[in-house]
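Respectively, the protein sequence lines represent chains A and B. The numbering used here applies: residue 1 is where the first sequence begins, and numbers increase by one. The numbering used here applies: residue 1001 is where the second sequence begins, and numbers increase by one.
No wet-lab data here; the hints were simulated from the structure. Possibly wrong hints are sitting among the right ones.
Said to hold, decoys possible - Derived list of chain B stretches under chain A, where covered just means 3 residues or more per stretch with a C-beta under 8 Å from a C-beta of chain A:
1) 1017 to 1026
2) 1199 to 1206
To be verified - Pairwise CB distance ranges, derived in the manner of DEER restraints:
3) Ile-1150(B) - Asp-156(A): 53 to 63 Å
4) Ile-1100(B) - Asp-241(A): 38 to 48 Å
5) Asp-137(A) - Ala-1204(B): 18 to 28 Å
6) Asp-156(A) - Glu-1107(B): 47 to 57 Å
Claimed, not checked - Counterexamples of contact, computed for chain B against chain A with all Cβ distances above 12 Å:
7) Gln-1124
8) Pro-1154
9) Pro-1164
10) Ile-1212
11) Leu-1301
12) Ile-1312
Each residue gets a CB set at the ideal place from its N, CA and C atoms; glycine is no exception.
Residues per chain, in single letters:
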Amino acid sequence: MTVESSAGGHRTRHDTVLEVDDVTKHFGGIGAVDRVSLGVERGSITALIGPNGAGKTTLFNLVSGFIAPESGTVLFNGRRIDGKPPHAIARRGLVRTFQITKALTKLSVLENMMLAAPDQPGERFWSVWFRATKVRDREREVRERALDALRIFALDHMADEYAGTLSGGQRKLLELARALMTRPTMVLLDEPMAGVNPTLGRSLLEHMRQIRKDQGVTFLYVEHDMDVVMTHSERIIVMADGRVIAEGTPDEIRRNQGVIDAYLGTAGAPT
Amino acid sequence: MSAPFLGAILSIEFWQYVAVTAGIYSIFALGLQLQFGFAGLLNFGHIGFMAIGSYTMAMLIVHASLPMWISAPIAIATAMLFGLIIGIPALRLRADYLAITTIAFSEIIRIFILNSVRWTGGPQGLLGFATEYTDFSRSAGRRLSSITHIGFDPDRVLLVLVWPTVLLLYLVLRKLTRSPWGRVLRAIREDEDAADALGKNPLAYKLQALAIGSAFAAIAGIFFSYQLLYLTPTEFEPLFTFFAWVIVLLGGTARLGGVPVGAVIFAVIFAGTRFLEFWPLSLLDDGDRAAVRLIVVGLILIGLMAFRPQGIFGKKEELLLDR
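Chain A extracted, bound-state conformation (with noise of 0.2 Å):
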């Protein structure tokens, strides 16, 4: 499937399921998002790195709808997306979790993964009443789905517990197990691994290429740990001051100057 090449011509490649081009956002005059463009390859596992207030969070924010952008466009699966609700974007294929976590925290634990399953007619008022029984059987079919894939993230023996009462690892852990629940085409991940115990961590990153492989599900993930960033990634995106400093492969990324640049004196400099 081929995407058509944005406005200025520079992206012409072959599979990109995210297209950014030109978004600007500013708050109160500084540009968080400052003329923003970039591709998100079909089926990779890329990172979005850079230091802190570079704009990652408002850029996942842009792209998922929470912010509409003030200029440019974002396409997804080559259709417009920006200026829809959160909503009609996730429906589409592109869901998100986001940076402190969103635990539904009076829900059961299966109960935030049942809630994310699409198609569910149970959802609305009318088919409550008039078609019980198709609402009854999608049901069943997705509570079976939820506890196996609770399972794969051993969160199986708190399927009956609050969410509230998982730790912050878990929760994070469920954020990414009800994000997939959607069936998404795309998940953006904001800081999946922060206040995650190394096990966990690892956990997490595995469950991340392991459905990559099986579903051909693609992640843009945010994330601060380089050597995670560099050894999990096929691309990593680097912004700085709003604006997209670097973009390629982890081995292009560690020789750019820019980027070493951008990082110079931080303790996180890429190594």
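Given the coordinates of chain A, work out where chain B should sit on it, guided by the hints.
Positioned in the frame of chain A, the structure of chain B alone reads:
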């Protein structure tokens, strides 16, 4: 203890009246339970929707000569429509704006009723809408008496109309809140952005909850009209909204079964203490005693918050989960 007090406390008619009141409160508060307990909506103007239900029905009967079986559904639909009209702008804003908007709305409705004398009777009240109902009530009472061999006065007929309605509406909400629809609603209550990010449209669900809750308020308003048999704007003051809040908190947030229990307790305390006129209350006049009842309700609420903040049926562990 004085004789009138004893007389009242032993009279079945009095307790019948309290029971009808509790049933009406239940329906009213079930609507708020859906809105607040399940959708997290801060509706501080619930009484406005009840007033719309009461007055729309009464005015259609009095001015348009419609039968009550047609007026009542129109009244319910009107309340739902107003729920949507208020909700579409207010629900787009932060949660607390809904509280401000709804309380202002309920006062606008009351003051509008107070001033459009030609249609609502204004402060004089609206009469003459209940003829069809009282006829129905009388014949229903006769029929019930012939089956059960006990007397059925109007309050007793209303009693057997109100409480089955409470049960029916309770079951409707039970089904709804346990459905995937209810799961989305609870998710939105917990975190709107998370629900949005998972493909659920928060505004659409909050509007539905607001409209359904408004329908419940209107149904309560219809029964209320037939309990009073006349309507005045003073019955629809903002205080009434907070009766529903007390009932919801008393029974337990997001606990449907808590609503009728909370409503009975509230009705007994509030209506049932009307006749408490023994010493030292006998030192007070009627108006002051009415105020004392509110003080009692307030103290119970304070006690509840101090010793059982989750309400009678609420789960304590849920309170601890709030972020």
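Cross-check of the supplied hints:
Against chain A, the segment 1017 to 1026 of chain B contributes 0 residues with a C-beta closer than 8 Å to a partner C-beta. That does not satisfy the three-residue criterion, and the hint is violated. Check result for the segment 1199 to 1206 of chain B against chain A: holds, 4 residues qualifying (beta carbon to beta carbon below 8 Å, three or more required). Checked against the given bound of 53 to 63 Å, the beta carbons of Ile-1150(B) and Asp-156(A), roughly 58 Å apart, stay inside it. As the Cβ distance of Ile-1100(B) to Asp-241(A) is approximately 40 Å, the hint placing it in 38 to 48 Å holds.
The given range of 18 to 28 Å is respected by Asp-137(A) and Ala-1204(B), whose C-beta atoms sit roughly 24 Å from each other. Here the CB-CB span from Asp-156(A) to Glu-1107(B) is close to 52 Å, well matched to the stated 47 to 57 Å. Look at Gln-1124(B): its CB is around 41 Å from the nearest CB on chain A, clear of 12 Å, so calling it non-interface holds up. The claim that Pro-1154(B) lies off the interface holds: its Cβ sits roughly 34 Å from the closest Cβ of chain A, which is beyond the 12 Å cut-off.
For Pro-1164(B), the shortest C-beta to C-beta distance to chain A comes to about 19 Å, beyond the 12 Å cut-off, and the non-interface label holds. At the 12 Å boundary, the C-beta of Ile-1212(B) falls inside the reach of chain A, the nearest C-beta of that chain being 8 Å off. For Leu-1301(B), the non-interface assignment is confirmed: its Cβ lies about 23 Å from the closest Cβ of chain A, beyond the 12 Å cut-off. Ile-1312(B), annotated as away from the interface, keeps every beta carbon of chain A farther than 12 Å; the closest lies near 18 Å.
Taken one by one, the earlier hints fail for this structure at numbers 1, 10, listed in ascending order.
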